[in-house]
Amino acid sequence: MQYQRESWSSYIEARRRVGTYECLERIERLASENAVVIFSMSSCCMCHAIKRLFCGMGVNPTVYELDEDPRGKDMEMALNTLLGGRSATVPVVFVGGKLVGAMDRVMASHISGNLVPLLKQAGALWL
Amino acid sequence: MASDSLRPRPSDVQQTEKRRGPGAASERTPDAKAYVQQLESSRMRLSQIEQDLQQSQAQGMVLGGSSGFGNISQGAAIFDMEYARWLDDDNRHMAELRTGLQAHLSDSDLRMIVDRHIAHYDEIFHLKGVAAKSDVFHLITGMWASPAEHCFLWLGGFRPSDLIKMLISQLDLLTEQQLMDIYSLQHSTQLAEDALSQGREQLQQSLIDTIAIGSSSDGMHQMAVALGKLSNLEGFVHQADNLRQQTLHQLHRIFTVRQAAKCFLVIGEYHGRLRALSSLWASRPRQNLIGDDGSCQTTSTGLQMLQYSGHNHLNNF
Numbered sequence: 105m106q107y108q109r110e111s112w113s114s115y116i117e118a119r120r121r122v123g124t125y126e127c128l129e130r131i132e133r134l135a136s137e138n139a140v141v142i143f144s145m146s147s148c149c150m151c152h153a154i155k156r157l158f159c160g161m162g163v164n165p166t167v168y169e170l171d172e173d174p175r176g177k178d179m180e181m182a183l184n185t186l187l188g189g190r191s192a193t194v195p196v197v198f199v200g201g202k203l204v205g206a207m208d209r210v211m212a213s214h215i216s217g218n219l220v221p222l223l224k225q226a227g228a229l230w231l
Numbered sequence: 403m404a405s406d407s408l409r410p411r412p413s414d415v416q417q418t419e420k421r422r423g424p425g426a427a428s429e430r431t432p433d434a435k436a437y438v439q440q441l442e443s444s445r446m447r448l449s450q451i452e453q454d455l456q457q458s459q460a461q462g463m464v465l466g467g468s469s470g471f472g473n474i475s476q477g478a479a480i481f482d483m484e485y486a487r488w489l490d491d492d493n494r495h496m497a498e499l500r501t502g503l504q505a506h507l508s509d510s511d512l513r514m515i516v517d518r519h520i521a522h523y524d525e526i527f528h529l530k531g532v533a534a535k536s537d538v539f540h541l542i543t544g545m546w547a548s549p550a551e552h553c554f555l556w557l558g559g560f561r562p563s564d565l566i567k568m569l570i571s572q573l574d575l576l577t578e579q580q581l582m583d584i585y586s587l588q589h590s591t592q593l594a595e596d597a598l599s600q601g602r603e604q605l606q607q608s609l610i611d612t613i614a615i616g617s618s619s620d621g622m623h624q625m626a627v628a629l630g631k632l633s634n635l636e637g638f639v640h641q642a643d644n645l646r647q648q649t650l651h652q653l654h655r656i657f658t659v660r661q662a663a664k665c666f667l668v669i670g671e672y673h674g675r676l677r678a679l680s681s682l683w684a685s686r687p688r689q690n691l692i693g694d695d696g697s698c699q700t701t702s703t704g705l706q707m708l709q710y711s712g713h714n715h716l717n718n719f
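Heads up: the sequence lines are chains A and B, in that order.
Numbering follows our numbering, in which position 81 of the first sequence is assigned residue number 185; successive positions increment by one, without gaps.
Numbering follows our numbering, in which position 292 of the second sequence is assigned residue number 694; successive positions increment by one, without gaps.
These are computed hints drawn from the structure, not numbers from a lab.
All values reported here derive from a predicted model rather than from experimental measurement.
Virtual Cβ for every residue (Gly too), placed ideally from N, Cα, C.
Incorrect hints may have been included.
[To be verified] Computed cross-link-like contacts, DSBU-like style, restricted to lysine-lysine with a CA-CA straight-line distance of at most 35 Å:
{"hint": "1", "chain 1": "A", "residue 1": "Lys224", "chain 2": "B", "residue 2": "Lys567"}
{"hint": "2", "chain 1": "B", "residue 1": "Lys631", "chain 2": "A", "residue 2": "Lys155"}
{"hint": "3", "chain 1": "A", "residue 1": "Lys202", "chain 2": "B", "residue 2": "Lys535"}
{"hint": "4", "chain 1": "A", "residue 1": "Lys177", "chain 2": "B", "residue 2": "Lys631"}
{"hint": "5", "chain 1": "A", "residue 1": "Lys155", "chain 2": "B", "residue 2": "Lys567"}
{"hint": "6", "chain 1": "A", "residue 1": "Lys155", "chain 2": "A", "residue 2": "Lys177"}
{"hint": "7", "chain 1": "A", "residue 1": "Lys155", "chain 2": "B", "residue 2": "Lys535"}
{"hint": "8", "chain 1": "A", "residue 1": "Lys202", "chain 2": "A", "residue 2": "Lys155"}
[What the hints assert, rightly or not] Distance ranges between label pairs, derived from CB positions:
{"hint": "9", "chain 1": "A", "residue 1": "Ala192", "chain 2": "B", "residue 2": "Leu529", "range": "17 to 27 Å"}
{"hint": "10", "chain 1": "B", "residue 1": "His651", "chain 2": "A", "residue 2": "Gly123", "range": "37 to 47 Å"}
{"hint": "11", "chain 1": "B", "residue 1": "Leu632", "chain 2": "A", "residue 2": "Arg119", "range": "28 to 38 Å"}
Just need the whole structure built from these sequences, with the hints factored in.
Next comes the structure, spelled out in structure tokens:
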């Protein structure tokens with residue numbers, strides 16, 4: 105982030121950071137309310153893929169479509185911050201209230217066999 | 403590659419004539435003139451087909467291994483070159499694995515060879531990642547792969563669950579734990595493949611909807627939207643390649659050193675045979691150029707080609 109000399113820009117920046125913080129809080133809260141939470145966008149095909157993955161495993165994830173949320177844009181930016189500034193923000197997955205990550209991380213954890221124990225621990229899978 | 407397969411190799415026809423011997427044509431076929439006429443008409447048909455091919459290429463249809471627009475992108479050309487070099491390296495690594503297994507090396511020595519092999523695979527995934535950024539179409543359409551591999555392509559490469567299925571049938575002496583791990587890996591890759599395939603299907607549908615809609619006044623906007631959607635393809639190829647890479651790494655973890663060496667040998671030979679199959683298919687003689695008893699000639703010529711071929715992996719065929 106670049107700090108502008110104009111005070112208006114730095115004011116906007118400060119407001120944005122506060123907004124991001126509020127969104128992060130909201131994300132944390134939503135993530136802790138269900139075993140598996142996916143932040144998605146209805147038009148995103150990778151999000152569709154990740155939903156199919158969890159359904160295929162017999163898991164019923166709670167999905168928040170950010171493009172249908174009035175604060176969706178801010179949520180997106182907050183998730184971006186959480187993930188360390190990625191180009192594609194969604195999908196983002198939380199299991200048991202903890203961040204698993206974007207598609208990369210979820211897939212890697214799935215293939216290495218780490219995802220199922222996490223899901224069982226969170227009570228999303230019983231078999 | 404498509405045009406090559408349509409042109410008759412002069413050597414094939416000469417071989418057939420040589421085998422028959424001079425004057426044998428008049429002995430075996432009742433009407434030698436008819437045979438020659440048949441050859442002539444086939445050749446005319448061929449040149450007509452070639453002309454049609456060139457015409458349709460000019461109209462922008464993509465055929466076989468050549469791009470309809472004449473040139474391939476720079477990214478694609480670079481990747482093809484790198485891939486050719488990688489294939490040479492692959493042969494070297496395979497030879498190392500083979501001699502390593504036969505020589506009954508110690509586990510630590512064999513481990514070094516296997517680790518180098520894994521790094522060699524990591525390299526091609528890295529190269530594909532770079533190529534995807536400049537020309538995802540080249541990767542996803544499999545223009546860089548041999549036709550047989552191309553046939554079974556899934557999102558720009560091999561399908562991990564198919565590879566595992568093949569390995570299960572090839573490897574023995576697995577412990578119960580290993581079998582469980584492999585079946586579990588197979589199940590996971592299957593789920594992941596299905597998920598990615600479905601995501602890609604949705605992308606395709608969405609793209610079709612975008613291009614289908616739109617009055618002429620909205621055309622440019624729709625194209626811009628379509629371009630945006632198309633860029634998501636790169637994400638799918640990336641995930642598919644990640645899946646392939648992680649599957650190989652996971653197999654490496656499940657197996658002992660010797661099993662891993664055998665496993666990679668099997669994988670390499672399998673792909674080598676697919677490539678060899680492509681070459682054999684492309685160079686097979688055409689029946690209608692040979693004559694009535696052509697069927698026998700085709701088989702024996704095919705077998706002869708098997709013998710000529712310098713590829714040593716064909717010995718395992």
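For this session: Mind checking the hinted window 37 to 47 Å against the Cβ distance between His651/B and Gly123/A?
Result: 41 Å, holds
Exercise. Is it true that the C-beta distance of Leu632/B to Arg119/A lies inside 28 to 38 Å, as the hint says?
Worked result: Given about 36 Å between the Cβ atoms, the range holds.
For this session: With a cut-off of 35 Å on the C-alpha distance, tell me whether Lys155/A and Lys177/A pass.
Result: 21 Å, holds
Problem set entry | 17 to 27 Å as the expected CB spacing between Leu529/B and Ala192/A, which holds or is violated | Because 22 Å falls inside the window, the suggested range holds.
For this session: Take the C-alpha atoms of Lys202/A and Lys535/B, compute the straight-line distance between them, and say whether it is at most 35 Å.
Result: Holds, at about 32 Å.
Exercise. Going straight from one Cα to the other, do Lys202/A and Lys155/A come out at no more than 35 Å?
Worked result: Between Lys202/A and Lys155/A the Cα gap is close to 18 Å, so the pair holds against 35 Å.
For this session: For the pair we were handed, Lys177/A and Lys631/B, check the Cα-Cα distance against 35 Å.
Result: 19 Å, holds
Problem set entry | Holds or violated: Lys155/A to Lys535/B, with C-alpha atoms at most 35 Å apart | Distance of about 26 Å is within 35 Å: holds.
Exercise. Given the proposed pairing of Lys155/A with Lys567/B, does the C-alpha separation stay at or below 35 Å?
Worked result: 26 Å, holds
Exercise. Is it true that the CA of Lys224/A sits at most 35 Å from the CA of Lys567/B?
Worked result: Holds, at roughly 27 Å.
Problem set entry | Hinted pair Lys631/B and Lys155/A, Cα distance within 35 Å | Given that 35 Å is the threshold and the Cα spacing comes to 19 Å, the pair holds.
Against the hints set out earlier in the document, no violation occurs for any number.
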